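S.K.: Chain residues, written in single-letter form:
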Amino acid sequence: MRIVMLLLCFFATLPTLAAEEILPFADPKQQALFRELTHELRCPKCQNQNIADSNAVVAVDMRKKTYELVQQGQDKTQVIEYMKLRYGDFVHYQPPLQLSTIWLWLLPALLVLGMGLYVLRKNNQQQMLVNDDVSSELDAELQAMIDEVAVKASAGDKPV
Amino acid sequence: MRKLLFFIPFALFIGLSMFLFSGLFSDPRQHGSALVQRQLPQFQLPDLMQPEKRWTADELKGEPYFLNVWGTWCPTCNAELAFLTQLRQQGVRIVGLYYVQPLDAAFGETFDLKALQQDVQQKLAEQGDPYQFNLLDEHRTLIFDLGVSGAPETFLVDADGVIRAHHVGDINPQNWSALAEAYQQLVRK
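One line per chain: the protein sequences are A and B, in this order. The numbering of the first sequence is this note's numbering, which starts it at 1 and goes up by one. The numbering of the second sequence is this note's numbering, which starts it at 1 and goes up by one.
Bound-form chain B, shown alone (with noise of 0.2 Å):
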């Protein structure tokens, strides 16, 4: 029994070594997200490319997507294009949510929608275009209520509208495997 008891600190040891080994290995981006299995938050927002139309959640709302945030200015989001154009191939929708970068006024920053449209349409005719269509999110509004830290990030919203998934980083043919399965218990509902 007094033997048993000198074991009890070095037990300490090799737990608590295990528990910070293992906190070598994990991600520290990845810190669960809030939205997760729960309604996309309402939102307007204008078409990237017909700024004339008008995008509600609820318009999304039919079958099973993929709302990917991204930017031109985004190196990450320009290499998971041609992945992702790959997916579309396969059937998979996708939406774009357009990430616009902070404009300083002070430095007579302002912004230019033509320019932005030019500067999209040529990095989806190099890359490749996996988008349905894309949204303006001009002054993040939808991109706070959404939670996103960053570009790239993507949500897998099902058919109701309810958020399935929350990934941070780019999807390549490495992570797709996981949401993959998860899209297509998704679409054969």
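The shape of chain A in the complex, shown without the other chains (with noise of 0.2 Å):
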């Protein structure tokens, strides 16, 4: 009985597995390629998801396309292109360098550089103020030590 019910519920989940389209490639490039831009192309209807990962009916609707496209033999940039052309930059997902958008890249840089500069600052202050007073205090103690032991050679305390 228990065996009967495990492959119930085996089989219950099957028309799931159906639901799913299913894409012929000849080439697995093309297939790879496929993969690779429905995961980096946007959905313009959704908040945030990949038209791999969407079934709204745009994003049904570009993956249908991308696989024309693809099909057809054009290049990932050629696709992104056909699609930027339409649905603008927001359509995929590494967004184009531009005046607007340079902040991107130079703000991280500008925050490592400030605080690399920040973090080398401070430590500089520190040895200069080990410097200044606590090392003169020792090489004072130092010099004390050394003279003394001086005075005592000269008067002849010679070890044995």
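Read the hints as simulated data drawn from the structure, not as lab findings. Model, not experiment: these values are computed from the prediction. Misleading hints may appear alongside valid ones.
Just the calculated beta-carbon pair ranges, DEER-fashion [claimed, not checked]:
{"#": "1", "chain 1": "B", "residue 1": "L16", "chain 2": "A", "residue 2": "R2", "range": "57 to 67 Å"}
{"#": "2", "chain 1": "B", "residue 1": "P28", "chain 2": "A", "residue 2": "N55", "range": "42 to 52 Å"}
{"#": "3", "chain 1": "B", "residue 1": "P51", "chain 2": "A", "residue 2": "W103", "range": "43 to 53 Å"}
{"#": "4", "chain 1": "B", "residue 1": "A79", "chain 2": "A", "residue 2": "W103", "range": "22 to 32 Å"}
{"#": "5", "chain 1": "B", "residue 1": "A106", "chain 2": "A", "residue 2": "Q72", "range": "22 to 32 Å"}
{"#": "6", "chain 1": "A", "residue 1": "Q78", "chain 2": "B", "residue 2": "P51", "range": "41 to 51 Å"}
{"#": "7", "chain 1": "B", "residue 1": "Q89", "chain 2": "A", "residue 2": "Q78", "range": "44 to 54 Å"}
{"#": "8", "chain 1": "A", "residue 1": "Q71", "chain 2": "B", "residue 2": "I8", "range": "50 to 60 Å"}
{"#": "9", "chain 1": "A", "residue 1": "N48", "chain 2": "B", "residue 2": "P102", "range": "17 to 27 Å"}
{"#": "10", "chain 1": "B", "residue 1": "I8", "chain 2": "A", "residue 2": "F25", "range": "25 to 35 Å"}
{"#": "11", "chain 1": "A", "residue 1": "L113", "chain 2": "B", "residue 2": "F7", "range": "36 to 46 Å"}
{"#": "12", "chain 1": "B", "residue 1": "A79", "chain 2": "A", "residue 2": "P28", "range": "40 to 50 Å"}
{"#": "13", "chain 1": "A", "residue 1": "Q125", "chain 2": "B", "residue 2": "F10", "range": "20 to 30 Å"}
Distance condition first, Cα-Cα at most 25 Å in a straight line; then the derived SDA-like pairs of lysine to any residue [unchecked claim]:
{"#": "14", "chain 1": "A", "residue 1": "K65", "chain 2": "B", "residue 2": "P102"}
{"#": "15", "chain 1": "B", "residue 1": "K114", "chain 2": "B", "residue 2": "Q44"}
{"#": "16", "chain 1": "B", "residue 1": "K189", "chain 2": "B", "residue 2": "A178"}
{"#": "17", "chain 1": "B", "residue 1": "K53", "chain 2": "B", "residue 2": "V168"}
{"#": "18", "chain 1": "A", "residue 1": "K65", "chain 2": "B", "residue 2": "G108"}
{"#": "19", "chain 1": "A", "residue 1": "K84", "chain 2": "B", "residue 2": "D112"}
{"#": "20", "chain 1": "A", "residue 1": "K122", "chain 2": "A", "residue 2": "T101"}
{"#": "21", "chain 1": "A", "residue 1": "K65", "chain 2": "B", "residue 2": "E126"}
{"#": "22", "chain 1": "B", "residue 1": "K61", "chain 2": "A", "residue 2": "R86"}
{"#": "23", "chain 1": "A", "residue 1": "K45", "chain 2": "B", "residue 2": "H167"}
{"#": "24", "chain 1": "A", "residue 1": "K122", "chain 2": "B", "residue 2": "Q44"}
{"#": "25", "chain 1": "B", "residue 1": "K123", "chain 2": "B", "residue 2": "Q50"}
{"#": "26", "chain 1": "A", "residue 1": "K65", "chain 2": "B", "residue 2": "Q101"}
{"#": "27", "chain 1": "A", "residue 1": "K64", "chain 2": "A", "residue 2": "W103"}
{"#": "28", "chain 1": "B", "residue 1": "K123", "chain 2": "B", "residue 2": "D112"}
{"#": "29", "chain 1": "A", "residue 1": "K84", "chain 2": "B", "residue 2": "R164"}
{"#": "30", "chain 1": "B", "residue 1": "K3", "chain 2": "A", "residue 2": "E40"}
{"#": "31", "chain 1": "A", "residue 1": "K45", "chain 2": "B", "residue 2": "I171"}
{"#": "32", "chain 1": "A", "residue 1": "K65", "chain 2": "B", "residue 2": "D104"}
{"#": "33", "chain 1": "A", "residue 1": "K84", "chain 2": "B", "residue 2": "T141"}
{"#": "34", "chain 1": "B", "residue 1": "K3", "chain 2": "A", "residue 2": "L111"}
{"#": "35", "chain 1": "A", "residue 1": "K64", "chain 2": "B", "residue 2": "Q44"}
{"#": "36", "chain 1": "A", "residue 1": "K64", "chain 2": "B", "residue 2": "H139"}
{"#": "37", "chain 1": "B", "residue 1": "K123", "chain 2": "B", "residue 2": "G161"}
{"#": "38", "chain 1": "A", "residue 1": "K84", "chain 2": "B", "residue 2": "G161"}
{"#": "39", "chain 1": "A", "residue 1": "K122", "chain 2": "B", "residue 2": "Q50"}
{"#": "40", "chain 1": "B", "residue 1": "K189", "chain 2": "B", "residue 2": "Q101"}
Think of the CB as a built atom: it goes at the ideal place given N, C-alpha and C, for glycine as much as any other residue.
Mind docking these for me? Both chains are given alone in their own frames, and the hints should help you get the complex.
M.R.: Given below as structure tokens:
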């Protein structure tokens, strides 16, 4: 009885598998390209889903179009350009390098640079402090000890 | 000078807060159209009511008009029909682009033009008919070329067939004024 129930559970999920679209590819390279593109192209209707992930009408249409274009032998940039001409820069997850988007690259770099400079300066300052106060004190103490030994040596207190 | 330096993190914090705060009120559906200031894409689509008649992009030139993407299946489109009809009565030229939803052959759904025509006629009789005519885009080809992500969406096209505005969502008395101004400018030319 248990086995029958288990089998039933297994087969009950089959129809959901069948609902997935099956797209035949002759060339595994094109299949990989299709997979890559549908993961990089963004659904214009839904908030933050790629077109592989979404079943909105526009995402389904975009998948179909991507499939068509890939089958025609178009390469990655060609397909992305095709989509951008219609749905704008929004449609690709990699933003283009423009005056308005330059901050996406500049800001992190500036931040790292600023932090680095800050840390360097802080370090320098601390070293200067060490040199100024503590080390001069230590130097004086050391000098005193050397002097003491020198005095003892000149007094003829030679080691055996 | 040193005291001023202490204000830098505070200023950064205020700046970031203002940036994020403004984000709370921005509409995530509005993300610039790639079509504005470009020629309406070429197409050849049948008239919804007289499928023998085929419309091309060139035939629509001559005077400015609104191209309204809609479908009877879309509640927001139905809600804007009444207001668009008022605009038509004021002399605004509106052309419909009918959005056919995909049909699932696996469920035995097939395209039935007669039933669609009846459905549209009934809807327009109920809510008002703002359209000069309707283009039937069964496979959403023009809709795809226009970068339409859903319905309703409306394009303002000038007399030379150049797209001047792309409006996502319904047109209502609150947001009409901006579009009206752009339209009036095109009419006066």
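S.K.: All hints, please: hold or fail.
M.R.: Taking the hints in turn, this is what the structure says about them:
no.	hint	in the structure
1	L16/B / R2/A: 57 to 67 Å	59 Å, holds
2	P28/B / N55/A: 42 to 52 Å	19 Å, violated
3	P51/B / W103/A: 43 to 53 Å	52 Å, holds
4	A79/B / W103/A: 22 to 32 Å	40 Å, violated
5	A106/B / Q72/A: 22 to 32 Å	26 Å, holds
6	Q78/A / P51/B: 41 to 51 Å	34 Å, violated
7	Q89/B / Q78/A: 44 to 54 Å	47 Å, holds
8	Q71/A / I8/B: 50 to 60 Å	56 Å, holds
9	N48/A / P102/B: 17 to 27 Å	23 Å, holds
10	I8/B / F25/A: 25 to 35 Å	55 Å, violated
11	L113/A / F7/B: 36 to 46 Å	21 Å, violated
12	A79/B / P28/A: 40 to 50 Å	48 Å, holds
13	Q125/A / F10/B: 20 to 30 Å	23 Å, holds
14	K65/A / P102/B	14 Å, holds
15	K114/B / Q44/B	21 Å, holds
16	K189/B / A178/B	18 Å, holds
17	K53/B / V168/B	29 Å, violated
18	K65/A / G108/B	23 Å, holds
19	K84/A / D112/B	33 Å, violated
20	K122/A / T101/A	33 Å, violated
21	K65/A / E126/B	37 Å, violated
22	K61/B / R86/A	21 Å, holds
23	K45/A / H167/B	14 Å, holds
24	K122/A / Q44/B	70 Å, violated
25	K123/B / Q50/B	17 Å, holds
26	K65/A / Q101/B	16 Å, holds
27	K64/A / W103/A	35 Å, violated
28	K123/B / D112/B	17 Å, holds
29	K84/A / R164/B	18 Å, holds
30	K3/B / E40/A	47 Å, violated
31	K45/A / I171/B	18 Å, holds
32	K65/A / D104/B	18 Å, holds
33	K84/A / T141/B	16 Å, holds
34	K3/B / L111/A	21 Å, holds
35	K64/A / Q44/B	21 Å, holds
36	K64/A / H139/B	12 Å, holds
37	K123/B / G161/B	29 Å, violated
38	K84/A / G161/B	21 Å, holds
39	K122/A / Q50/B	79 Å, violated
40	K189/B / Q101/B	37 Å, violated
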